[in-house]
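A.B. asks: Sequence:
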Amino acid sequence: MVARRIWLKRELFSRASTFTLEFSDLIRFGSLGLLICIIGDLIAGIELGSLGNFLELIPGLIILVPPAMGMRGNVYGALASRLGTSMQTGTFTPSLQRDSLLSRNVIASCLLTIFVSVILGIVAKLVSLTFGLANIPLSGFILISFLAGIISASILIPIVIIISKVGYFGGWDIDNFSAPVITATGDIITIPSLYIAAIVMIRISAISDMILNWLAVLVVLIAFLLFIFGIKEKGITGQIFRESIPILVFTSFVGAFGGFIIDTRLESLIDIAAILVLIPPFLGVNNALGGILSARLSSMLHLGVIYPSKFPERAARRNFTAMYLFAIVVFPLVGVSSHLLSEMLGFASPGAVQMIMMSFIAGLASTTMVNIIAYLVASGTFKLGADPDIHSIPVTSSMMDLFGIFSLMLTLALF
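This note's numbering numbers the first residue of the sequence shown as 670 and each following residue consecutively.
Be careful, since some hints might not be right.
Each pair of labels, with its calculated beta carbon distance range [unchecked claim]:
#	residue 1	residue 2	range
1	S978	E936	45 to 51 Å
2	Y993	L704	33 to 39 Å
3	M1013	G904	48 to 54 Å
4	P728	R767	43 to 49 Å
5	V974	M879	45 to 51 Å
6	V974	S877	57 to 63 Å
7	I876	D940	32 to 38 Å
8	M1013	S700	23 to 29 Å
9	T762	G1015	47 to 53 Å
10	D768	Y976	29 to 35 Å
Listed below are the simulated EDC-like cross-link pairs for lysine to aspartate or glutamate, each with C-alpha atoms no more than 20 Å apart in a straight line [stated by the list, open to error]:
#	residue 1	residue 2
11	K1052	E936
12	K901	E912
13	K903	D1056
14	K901	D768
15	K903	E716
16	K979	E912
17	K834	D768
18	K1052	E982
It should be emphasised that the hints constitute simulated quantities derived from the structure, not laboratory data.
Here the structure is a predicted model, which means the values were calculated and not measured.
Glycine is no exception: its CB is placed at the ideal position from the N, C-alpha and C atoms.
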């Protein structure tokens, strides 16, 4: 019996050591990336908590928050994932010349940002009307979403370029940390950019509603012309644009529905502002884990490490385990950090224990869905001959936003 216990301890230690060695880069860079993600999204949470009353002044604006935050990760997280795969397959060059891989990817991302931003505005209006919510005019939604997208793009594109170049020259696997960094940066930028865009919209509307309407028409026309250009463009830019558009339109609806769920609880959330602080870091960690896993699965599929099968192979399952280990540590940290910051800022909170348990329980449920969705999407798209780098992160991210919001609201009701 004693000998068996000794053998069991040695076996467990051996497996743990092997696992740690195998995922050393992921643990090192992923932990750093998630820490950056938490810090960044806590800032976004403070921004959201501080804007509670402003959100009530512009009916329907909260519907734009989840899909806008998600779009930043969907477009720029996917961009980083494609660049990471190109590094591993040896096709990446750090040049920004017009015909370089990096340049063509950046152009595709710019086209997607402008077009999808306009779509987001239209979708937010449709969701508001469908569920009978108070809302601003369609022209207001379009202009806010468009301006916020432009502001975010001007910051995120240079960051992705820097990450890709640093990773390339440093010999790092950017799949391990690009998603959390981009998620955090995108979330920090999204809420202020929506706020700035909303202020601009209000001031234009105060001058003349006709000017607002004509500006919205001009924005839609620009988006339409860029859509035609992207569809007809040859090479990798056109391929990325054509394959991404259906997915991003779908994710816009999914994200807007998540915004609708928050809108239905907005008054109670404003009364307990700590939950508003919790939402961005909670969703950010979900998206970061989904982005890391999607990028890694995509690279493994491209390299032939795993194959798209009905049941995940051992290499994929070990990555699932890594996601759970991250979740066990990170989600309680998100809960307690959100509570402490809320206390410091004078926001109402349900209490430290409740915040930790809400984040932990909802986080484990979300991580399970991350593993399932990321694998199904990556293997399914690869099996169909499509590029999982284009599809995996957007679909996984949007579905996790919706499931994350739902699970968080459900645990809020329980506690």
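A.B. asks: Output the numbers, in ascending order, of every earlier hint that fails for this structure.
C.D. replies: Violated: hints 2, 5, 11, 15 and 16.
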